[in-house]
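Novice: Each chain is listed here by its residues.
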Amino acid sequence: MFPWTMKLRCTCLAVGLFAVLCESSPAQQSLPRTADGKPNLQGIWQARSAAAVDLQDHAARPGMPAGRGVVEGGAIPYQPWAAAKKQENFTMRQTADPVGKCYFPGVPRIMYLDYPFQIFQTPEHLAITFEWSQVYRLIYTNGKPTPHDGIDSWMGDSRGRWEGDTLVVQVKGQNDKTWFDMAGDFHSDALDVTERYTMRDADTIQYEATIQDPKVFTKSWKISMPLIRQKDKARILEYQCQAEAEEANGAFERDPRTWYPKPGSTPSPLGKPAAMPPAGALPDVKTGANLRRGADGKPDLTGYYQSNAGGANYGLEKHGRDFLTPGTRGVVIDPADGTLPYQPWARAERINRELPYRGYDDPTAHCFVAGIPRSMYVPSPFQILQPPGYVVLLFERMSWRIISLDGRPHLPDNIRLWQGDSVGHWEGDTLVVDTANMNGKTWLNEVGDVVSHAEHIVERFIPTADGKITYRATVTDPIAYTRPWTIEIPLNRQSDELLEVACHEDNGDLQNLKAVRDEFRAQQKKEK
Amino acid sequence: MRIGNMGAILVAMTVLAGSVFAHHSFTAEFDQNKPIKLTGKVTEMKFSNPHSWIYMDVETDGKVVNWALETGAANALIRRGWKKTDLPAGTVLKVDGWQARNGTATANVSSVTFPDGRRLFAGSSNESAPTK
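Chains as they are written, first to last, in the working numbering: chain A, 1 to 528; chain B, 529 to 660.
Keep in mind the hints are simulated off the structure, nothing from the lab. Worth double-checking, as some hints may not be accurate.
As the list claims (entries may be wrong) - DEER-style ranges, computed between Cβ atoms:
id, chain 1, residue 1, chain 2, residue 2, range
1, B, Gly-618, A, Gln-170, 33 to 43 Å
2, B, Asp-624, A, Gly-338, 43 to 53 Å
3, A, Asp-114, B, Gly-609, 36 to 46 Å
4, A, Gln-170, B, Gly-609, 18 to 28 Å
5, A, Asp-176, B, Ser-639, 27 to 37 Å
6, B, Gly-609, A, Trp-426, 15 to 25 Å
7, B, Gly-590, A, Asp-189, 52 to 62 Å
8, B, Lys-562, A, Thr-339, 43 to 53 Å
9, B, Ser-639, A, Asp-232, 56 to 66 Å
10, B, Gln-560, A, Thr-194, 47 to 57 Å
11, B, Ser-639, A, Thr-204, 39 to 49 Å
Nothing here was measured: the structure is a model prediction, and the numbers come from that model. Glycine is no exception: its CB is placed at the ideal position from the N, C-alpha and C atoms.
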């Protein structure tokens with residue numbers, strides 16, 4: 001920034017009354033803008049405030065550094081009963097804070113948790129992907145109302161519009177289960193949040209949220225804070241709150257055969273990848289003629305999709321129904337006989353995972369993210385966005401994939417992720433995505449098809465017609481398999497919008513699966 | 529239940545099994561050797577993901593037990609026009625299903641009917657047979 005720009009802005013702030021001058025300050029005139037002339041919010045950001053701890057001025061407490069408040073006027077205007085309730089929440093915060101239990105934070109709290117997030121901007125949407133538990137927000141800026149009115153959710157329904165250079169977002173339909181901060185500030189299901197995103201300069205967004213909730217407050221109130229561009233970050237990573245908690249408390253157990261080795265540990269004998277022959281030749285699939293194209297000339301894949309997975313979530317190889325486990329038509333196209341080329345130990349493990357006591361070990365039973373390629377064929381929808389430089393996938397089961405198209409290398413080997421690190425490029429009209437840095441914690445489906453941390457995935461999104469994609473994933477994993485293999489699944493665009501899956505928040509099944517596992521272990525102990 | 533909704537809901541529920549998503553193995557959680565048939569009064573319809581639950585009071589030998597009956601995901605129900613209020617407390621239902629292996633009053637639902645035989649659900653909470 002030029003010194004004279006700084007000086008002008010300082011002057012504006014000082015005189016206040018002439019704030020209108022600031023609206024057209026040289027800093028704002030030089031804002032990055034999108035092709036349609038809007039301020040370009042795309043990038044990696046993080047709030048700079050003490051709001052995550054307490055929205056109001058606060059002295060230090062254990063695990064809660066002191067900080068200044070972000071509430072305009074200083075105090076939250078609680079009704080008398082609500083002020084008492086807030087005090088009770090504060091007293092109980094160690095056990096009662098929903099975010100402490102890894103529940104969705106709601107809006108605005110997700111915006112100022114102490115984790116970075118990435119904004120993607122298209123003319124129709126603003127997508128915000130958060131490092132914290134891979135939560136995302138999909139803000140519709142296309143002027144359309146929600147097709148699913150009258151339902152509530154943890155993160156609400158967000159609709160945005162531009163007022164000049166400010167993006168204004170209305171958030172409605174949030175439930176009454178989230179808090180605003182660690183200090184127990186709370187709301188009811190009558191909450192309405194109006195957010196305002198105003199770029200002050202290329203690296204600062206002023207974020208404001210106006211809170212209305214006539215059941216809890218005597219009047220509306222407002223918070224504001226800067227969001228700062230994280231110039232040192234080329235990517236956001238993952239913090240899977242519940243998975244980390246369950247690994248730490250032993251509820252989710254390490255499998256040394258598939259998980260990435262612990263630092264300093266001796267890798268298991270299975271942990272040394274073997275050399276593999278190349279993948280077999282695959283039948284050719286032609287990309288469609290006259291495909292709809294985006295501004296960059298590439299096929300327009302954007303939209304809401306369902307995979308026609310043929311039961312892949314219940315097995316990649318063809319099999320019939322088994323009690324409550326549906327059959328699958330078989331989605332393996334290489335090897336040509338549809339059989340996965342397992343190493344003997346991995347085939348044995350796959351068979352063992354079908355035993356009832358192993359149902360608890362499937363990470364998705366814990367509501368952890370599905371991994372790659374499973375995210376693409378779990379039976380729930382996903383959204384594809386194509387903001388400049390990326391393809392972004394948002395899964396209804398609350399996780400995201402950010403596929404960068406700028407040719408960057410993969411992350412260092414020792415950074416391992418549930419959804420891996422994906423980089424993509426176009427080969428003609430086919431999107432090719434290379435994914436590495438997998439953590440080896442995921443199963444490929446409910447019957448337990450195996451992958452390890454050596455998993456490397458090459459996916460091809462082949463648009464055969466508008467709204468029709470032939471999806472192929474070639475998996476190379478020399479720890480679990482003797483050669484690479486490939487699955488093929490059609491992806492179909494539909495007309496709908498994503499809803500929210502609050503899985504861990506409402507997971508009534510895990511205790512039953514755990515009981516089956518625990519009973520098996522008790523029986524084994526008795527027999528010994 | 530309001531009769532006006534019934535047609536839509538019956539249609540909705542007969543296709544529900546086609547796209548409800550599972551997130552864990554039902555075969556692992558429920559017992560093929562414990563088929564159950566229950567008649568009782570709905571106490572709550574919990575509209576949730578990854579699965580919804582119908583809670584129902586069932587009287588056996590003068591003792592009332594509240595059963596948790598697992599059904600499809602809220603999102604699948606919403607997409608088929610269901611609302612939270614469509615199965616009010618007090619509704620009498622007959623339920624076929626499979627009890628949890630752990631022996632608690634928990635079951636996976638395979639069919640639900642009203643006392644007059646009209647079918648509320650078809651299929652269980654799992655995805656349908658594959659198509660190709």
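Novice: All hints are to be evaluated individually against the structure, with a verdict given for each.
Specialist: A quick look at each hint next to the structure:
The given range of 33 to 43 Å is respected by B:Gly-618 and A:Gln-170, whose C-beta atoms sit roughly 37 Å from each other. Between B:Asp-624 and A:Gly-338 the C-beta distance comes to about 34 Å, which lies outside the given range of 43 to 53 Å. At about 41 Å, the beta-carbon gap between A:Asp-114 and B:Gly-609 stays in the expected band of 36 to 46 Å. At about 25 Å, the beta-carbon gap between A:Gln-170 and B:Gly-609 stays in the expected band of 18 to 28 Å.
Range check, A:Asp-176 to B:Ser-639: about 34 Å between beta-carbon atoms, so the 27 to 37 Å window is met. Range check, B:Gly-609 to A:Trp-426: Cβ separation about 40 Å, and the 15 to 25 Å hint is violated. Roughly 39 Å separates the CB atoms of B:Gly-590 and A:Asp-189, a value that falls outside the hinted 52 to 62 Å. A C-beta distance of roughly 34 Å is found between B:Lys-562 and A:Thr-339, which places it outside the suggested range of 43 to 53 Å.
Taking 56 to 66 Å as the suggested C-beta distance range, the pair B:Ser-639 and A:Asp-232 conforms, at roughly 58 Å. At roughly 53 Å, the beta carbons of B:Gln-560 and A:Thr-194 sit within the given window of 47 to 57 Å. Hint check: B:Ser-639 to A:Thr-204, Cβ distance near 59 Å, so the stated range 39 to 49 Å is violated.
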